[in-house]
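*Asks:* As a plain string of letters, each chain reads:
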Amino acid sequence: MTSAEPAEKLLSPVLSASWDDHRPWTLETYRRHGGYDGLTAALAMAPDDVIALVKDAGLRGRGGAGFPTGMKWQFIPQNDGKPHYLVVNADESEPGTCKDIPLLFANPHSLIEGMVIASYAIRCEHAFVYLRGEVVPVLRRLQAAVAEAYEAGYLGKDIQGSGINLDITVHAGAGAYICGEETALLDSLEGRRGQPRLRPPFPAIAGLYACPTVVNNVESIASVPPILARGKDWFKSLGTEKSPGFTLYSLSGHVTNPGQYEAPLGITLRQLLEISGGVRAGHRLKFWTPGGSSTPMFTDEHLDVPLDYEGVGAAGSMLGTKALQVFDETTCVVRAVTRWTEFYAHESCGKCTPCREGTYWLVQLLKRIESGQGEPGDLEKLLDIADNINGKSFCALGDGAASPIVSSLQHFRAEYEQHLNEHRCPFDPAASTVWADRAPVHESATEREVHA
Amino acid sequence: MSSTELGLPALPAKPYPPEVASRLAADARELISRYPQSRSALLPLLHLVQAEDGCVTPTGIRFCAEQLDLTTAEVTAVATFYTMYRRRPAGEYHVGVCTNTLCAVLGGDQIFEELSEHLGIANNRTTEDGSVSIERIECNAACDYAPVVMVNWEFFDNQTPQSAKQLVDQLRAGQEVSPTRGAKLCSFKETSRILAGFADGRPGANDESGAGGAPSLAGLRLAKGEALPGAPGTKVVSPRHEGTEA
Numbered sequence: 001m002t003s004a005e006p007a008e009k010l011l012s013p014v015l016s017a018s019w020d021d022h023r024p025w026t027l028e029t030y031r032r033h034g035g036y037d038g039l040t041a042a043l044a045m046a047p048d049d050v051i052a053l054v055k056d057a058g059l060r061g062r063g064g065a066g067f068p069t070g071m072k073w074q075f076i077p078q079n080d081g082k083p084h085y086l087v088v089n090a091d092e093s094e095p096g097t098c099k100d101i102p103l104l105f106a107n108p109h110s111l112i113e114g115m116v117i118a119s120y121a122i123r124c125e126h127a128f129v130y131l132r133g134e135v136v137p138v139l140r141r142l143q144a145a146v147a148e149a150y151e152a153g154y155l156g157k158d159i160q161g162s163g164i165n166l167d168i169t170v171h172a173g174a175g176a177y178i179c180g181e182e183t184a185l186l187d188s189l190e191g192r193r194g195q196p197r198l199r200p201p202f203p204a205i206a207g208l209y210a211c212p213t214v215v216n217n218v219e220s221i222a223s224v225p226p227i228l229a230r231g232k233d234w235f236k237s238l239g240t241e242k243s244p245g246f247t248l249y250s251l252s253g254h255v256t257n258p259g260q261y262e263a264p265l266g267i268t269l270r271q272l273l274e275i276s277g278g279v280r281a282g283h284r285l286k287f288w289t290p291g292g293s294s295t296p297m298f299t300d301e302h303l304d305v306p307l308d309y310e311g312v313g314a315a316g317s318m319l320g321t322k323a324l325q326v327f328d329e330t331t332c333v334v335r336a337v338t339r340w341t342e343f344y345a346h347e348s349c350g351k352c353t354p355c356r357e358g359t360y361w362l363v364q365l366l367k368r369i370e371s372g373q374g375e376p377g378d379l380e381k382l383l384d385i386a387d388n389i390n391g392k393s394f395c396a397l398g399d400g401a402a403s404p405i406v407s408s409l410q411h412f413r414a415e416y417e418q419h420l421n422e423h424r425c426p427f428d429p430a431a432s433t434v435w436a437d438r439a440p441v442h443e444s445a446t447e448r449e450v451h452a
Numbered sequence: 001m002s003s004t005e006l007g008l009p010a011l012p013a014k015p016y017p018p019e020v021a022s023r024l025a026a027d028a029r030e031l032i033s034r035y036p037q038s039r040s041a042l043l044p045l046l047h048l049v050q051a052e053d054g055c056v057t058p059t060g061i062r063f064c065a066e067q068l069d070l071t072t073a074e075v076t077a078v079a080t081f082y083t084m085y086r087r088r089p090a091g092e093y094h095v096g097v098c099t100n101t102l103c104a105v106l107g108g109d110q111i112f113e114e115l116s117e118h119l120g121i122a123n124n125r126t127t128e129d130g131s132v133s134i135e136r137i138e139c140n141a142a143c144d145y146a147p148v149v150m151v152n153w154e155f156f157d158n159q160t161p162q163s164a165k166q167l168v169d170q171l172r173a174g175q176e177v178s179p180t181r182g183a184k185l186c187s188f189k190e191t192s193r194i195l196a197g198f199a200d201g202r203p204g205a206n207d208e209s210g211a212g213g214a215p216s217l218a219g220l221r222l223a224k225g226e227a228l229p230g231a232p233g234t235k236v237v238s239p240r241h242e243g244t245e246a
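Protein chains in written order, with my numbering: chain A, 1 to 452; chain B, 1 to 246.
Next up, chain B with everything else stripped away, as it sits in the complex (with noise of 0.2 angstroms):
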């Protein structure tokens, strides 16, 4: 991913600024104390200092180290294994592609190839705005709404490549954009703190977007007598189609 540097080994790595490092530890106590023993806490605590800098740095994997009574080692090991934990700054939105097979061939490799075009930037980069930046990612356990991309970890099914590029557009403009799934966006390093573990703040979010979309509705509906489009009965919209408010 990055180019070896060869030469010196890196000196250690600074710390956070004192009232930083004391509103991190503030937070680090909270998420050690639901567990039994605190090492359990360095998933969290790497999503925690991701929240704070936008990727993992060698000053937040100091700050884990010195919170769990850990060697940085330690800590990098962990850090470098979990493919969310990321070594260069994310965009403000962080765009995942799914191009595992089943997306990949229902036109998830096409949305990425122009997505990437369009933006100018390759896999794992981000724009020079710092705005947005782009992964191809694995299988996000929602194919019944292929193709799928997701943005700081939000849910936009059924997508096509001139839906997404659309989507990108929004987001460098700066305008509101909600998922077919989830809630309004919000930046990356919030949602890493949804991914620490502190719930999401905003009034009403946890409510937005139903239950899911006519896909998850799919089995219950045709259970209760309804009739599914293109199938025998009525003929009305595909889910393909249709809005995912529930």
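Bound conformation, chain A alone (with noise of 0.2 angstroms):
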């Protein structure tokens, strides 16, 4: 390993920069962190500026698409005599994805603040959070912030003397992964089964309720104040000139520390692990993706992979929500699989053939050939399989279930041929668990205090 620049110098905190004062979650806490400043300086711009704005500070997506957000915004048609939302899409399942959810934990008026920015911006009095339901803790601070928010003006009537008008409706989810697919979402905030919708019509001119919808997610629309409130060249100081600013990377699995880590757009997995303590001791990186299940796994070839949009893309995956699972070398790759398998065939909303049929016999294969009951063949019909789903199905949920099966098979072929000839699964689960290498304790009572 190089020596690592000190971490100080890696890592940007913004949206992490006041967790870690007295409670966070406040509008006291949070304007003393400059909270609202944004806003303040975007009512005092025209909302065509704001637009521009955020467009050229080159601020992407962070929900996994990575499209621009202020192109997103452009799109909406002006004077069209309809009313125009805002839906943030805060409902985050993408396995291994763990950011938009602490970040409101700890501090969820960045979200409404980036809410208000980009309501007057796209001229729209009525916005709504989509909250995934398993999270009531986060629920729970969210409605607390827009009450406060209403409280002091900032939601409401004639927002802080501007005249303009905003409500902010918290809405919970009910458990669907597929409500996290944009137009998915919204029919599921209409009341109705969570199914993608046929594109075109964009949600820019037929989304909610037939009206011009901008979706985002949590984390872009977070994004958005400090720009207002420090410029788009600081913004665009930090990142690559592509993928422009800073993101939270969270480190998960087996690693020494796991966690948010804020850093500019372009770090690579091999500087967050010599920065926060590497791999867990006495083992070696296996795999990990670098931004959920969906996107195409890596190994320890792709360490120095720049953790951008086009520097991942070039490696062959993709960056989606830089939710950095490692894995280390006592976890069965068929396994990690499988169980992906089994979630995509869970989440699939039934409504196209190949993602309904593909991912149940998906599960069927991988599940015999984990347990050693693999036939030959079963490799090629799980890749055919694959390539029935990927890019023909309805709505991206397909190609992400696709996505471990095809990058597994390309780096660890030879596993999937152990389990085949062995008729058995060559790894011990124990020794993945996070307590796997820790001192044998006999006394419960001991246990307890450790974990405690």
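All the pointers check out, no bait thrown in.
Pairs of lysine-lysine residues, derived as DSS-like cross-links and limited to a Cα-Cα distance of at most 27 angstroms, are as follows: (1) K236/A to K224/B; (2) K224/B to K9/A; (3) K9/A to K232/A; (4) K9/A to K236/A; (5) K232/A to K224/B; (6) K392/A to K367/A; (7) K9/A to K242/A; (8) K14/B to K189/B; (9) K392/A to K351/A.
Label-pair restraints from in silico Cβ distances: (10) Q160/A to G130/B: 43 to 53 angstroms; (11) G7/B to K157/A: 52 to 62 angstroms; (12) E310/A to G174/B: 49 to 59 angstroms; (13) D129/B to F75/A: 48 to 58 angstroms; (14) D129/B to P77/A: 51 to 61 angstroms; (15) R125/B to K392/A: 37 to 47 angstroms; (16) T299/A to A26/B: 54 to 64 angstroms; (17) P15/B to M71/A: 43 to 53 angstroms; (18) D129/B to D80/A: 56 to 66 angstroms.
What the simulated footprint calls covered on chain A by chain B, stretch by stretch (three residues with Cβ under 8 angstroms from a Cβ of chain B suffice, anywhere in the stretch; the number is not a length): (19) 91-102; (20) 133-143; (21) 275-289.
Hint data in this document are derived by calculation from the structure and do not stem from the laboratory.
Virtual Cβ for every residue (Gly too), placed ideally from N, Cα, C.
Dock chain one against chain two, each of which comes alone in its own frame, and use the hints as you go.
*Replies:* Pasting the structure below:
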């Protein structure tokens, strides 16, 4: 390993800067950190100028696809006589992804301020947060923060004397990964089964209630206030030319210190591991995902890939949600991929045949391979089914389901073959657990103290 | 999930008793008023009837349909799509063990197996006394705290088989339990009411448990020049063993 730069130089906490302060979820603490200054700056500008600023800053979507945020806003037709809507996608459910939930738990006001700015820019008077339902602590904080913002005049009628109005409705989902897909989210928000819609028309033209709608990820919107407060040049001074700015990298799995690491775009996993204590002691990296389970997996050959939109793309995967799930050599890749595939089969909405049927059959094949019952030709069949899902499904869930299969077979085909040839899984799942390397403890009371 | 019963189609569901219906109707009006179109309130209304019954019953479905001028078939189609709406009553404490890949590999599979054996119930079942139900859940956006267990959708981070068994024992013994992230546990029905969109009325509930545990603050600490455990620099306890209090 090369000698690392000091962590202070590699990291750039902006969204997470106030998280260690006293009660950072309150308006009082947020204001002390410059909260709502970005809104003041925005309200002094024309709405179109706000859109231009965010576009020029180069902010790209942080929810996976990386579409330029300002451009999404610009697509909203103006003076069309229809209501416009802003819908924030807080349905964070992609396996491995865990950035928006800690962000909203620690500082929900950063999202609310961004929503007011975005709504002003696109001329929207009613915005929604679609939060996944399974995170009640976050829902509680979000509901309280919205109430606080109304009380302080950042929401409601005539916001800060500007003459503009905005209502925010916090909406809890009910457990469906597919609702993270923006058009399925809109159907769900309309009180229907969450199934993706045919596009075009895109949400910018016919979104919520068939009106022009912007759907943005939590982190994208929360990144807007600092741009307004500190300017586009500051934002572009971070990150790379085509992927400017800062972002939350979520490190998890077999690492010494899992957690949120906010850094300029373009940092590498090697750098993140070097400053954070590396892979857990006594083990080595086997495979990892750059942006959740739907992004093709990487190996130790990819430690120096710049984690920005272009860098990860050029290396054959996607930046996705920057969910860096790290697995060491104790992990059976077939087991990992089987479990992800079961997830996609469970979450497939059933609307289109390739995904609904394909994910079902992938699970059957993978389960029998993992348990040592695989037959010759199974690997080819896996790839064939994956190919019939990828790019041929109604939405990206199908593509995501194919990703771990195709990429794991590319990097670890020998391990699949070992399952077939030896008629068993050569790995011990107990060795992968967090407690595998801890000294054996027989006294349960002692154990409790250790983990209390 | 449930066995198919052949025979005559089910009779129309009974309505709620008048006093329940009028109380819930007032709540429903409040929820519906938050949306430009009433049907958008369907998911909140399903959480609301679940807060009343502990699951979504035919009576609850009938109630939702009446409030929104939908058919019971339309409401049923929606209710059965989402996994959080239960078709049989949850325990007072609904325990979800994440067994998606990352948590499973880090120990979630073992936690679920031992918990299931300890309680003597299978996935999606409830103990006979109605206190605890268990479910294998999908990724709950807390991978940096793996393995994760949720109780009534509050976070219990960095669990082990022992800590999870101890947790359900405490719940069954009626002891007060606080999550690592979230507020002191309330019942499944009370939680469902928060999900419907009614704020948690308990004083101080919103302020419990700090801003996040060590993983949430790991990058910030590094950026401020502090050393992380096991990283170059000082040696302290690993965040996996540290409390979550910020």
